[in-house]
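Participant: Sequence:
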Amino acid sequence: MEYTYNIYDDIYSLMLSGKKNVEVRLLNEKSEKILVGDFITFNNLSCEGRYIKVKVTSKNIYNDVDEMLLDNDIEKIFPGSSKEELTKLLVQIFGEAAKKSKIVTFSFVVIDTN
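If you count by the working numbering, then the sequence shown holds residues 34 to 147, one letter each, in order.
Where hints are given, some of them may not hold.
As the list claims (entries may be wrong) - Only pairs whose alpha carbons sit at most 25 Å apart, straight line, appear in this in silico DSS-like list of lysine-lysine: (1) Lys121 to Lys133; (2) Lys109 to Lys132; (3) Lys135 to Lys121; (4) Lys88 to Lys63; (5) Lys66 to Lys88; (6) Lys116 to Lys135; (7) Lys92 to Lys133.
Stated by the list, open to error - Label-pair ranges, simulated between beta-carbon atoms: (8) Gly128 to Ile107: 30 to 40 Å; (9) Leu49 to Leu122: 28 to 38 Å; (10) Asp97 to Asp145: 25 to 35 Å; (11) Asn147 to Glu100: 32 to 42 Å.
To be clear, the hints were calculated from the coordinates, so they are not data collected in a lab.
All residues carry an ideal CB built from backbone N, CA and C; glycine is no exception.
Please put together the full structure from these sequences, using the hints given.
Facilitator: Now the structure itself:
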C-alpha cells in the first residue's frame, strides 16, 4: 500500500540527507493501517512538487511520547535536538494530543526523491 503525509522543508532536508530515518506520528486510523513494506510519500509543504518516497522497514507503537523517547535514538528522529526539545516540537506539531495519544514510529529507507 501507499500513503501520503506532508512535511516541512527542514524535515525534508533531514530526510534527503539521510540524517533522519524515523518518522513520528500520532496513532490514528491512517497511521495504524501502515505496515512494514508499505510506501509513504512525504510531500514538502514549502516547495510544491518536491517529495521523498520511502519504504517502511519497521513500525512501533508506544503508549506515549516518553515511552517512544526511551526506545528511539533522537538523532534519527530530529537530529541535534534534546528529549525536551523534541517533546516540545511534537506538541507544536500535533497539539496537546501529543502528550495524551499513542505514538507510532516508522523507520524507513528512501527509495525516490524529487
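Participant: All hints, please: hold or fail.
Facilitator: Hint-by-hint comparison with the structure:
1. The suggested pairing of Lys121 with Lys133 holds, with an alpha-carbon distance near 14 Å, which does not exceed 25 Å.
2. A threshold of 25 Å between alpha carbons decides the hint, and for Lys109 with Lys132 the separation of about 20 Å falls inside it, so the pair holds.
3. At roughly 16 Å between alpha-carbon atoms, Lys135 and Lys121 fall within 25 Å of each other, so this suggested pair holds.
4. With a C-alpha separation of about 16 Å, the suggested pair Lys88 and Lys63 falls inside the 25 Å cut-off, and the hint holds.
5. Annotation: proposed proximity of Lys66 to Lys88 holds, straight-line Cα distance about 14 Å (limit 25 Å).
6. Between Lys116 and Lys135 the alpha-carbon distance is near 17 Å, which keeps this suggested pair within the 25 Å criterion.
7. Pair hint Lys92 plus Lys133 holds up; C-alpha atoms about 20 Å apart against a cutoff of 25 Å.
8. Under the hint 30 to 40 Å, the C-beta atoms of Gly128 and Ile107, about 21 Å apart, miss the expected range.
9. Under the hint 28 to 38 Å, the C-beta atoms of Leu49 and Leu122, about 19 Å apart, miss the expected range.
10. A hinted range of 25 to 35 Å holds for the C-beta pair Asp97 and Asp145, which are about 33 Å apart.
11. Checked against the hint of 32 to 42 Å, the C-beta distance between Asn147 and Glu100 comes to roughly 35 Å, which is consistent with it.
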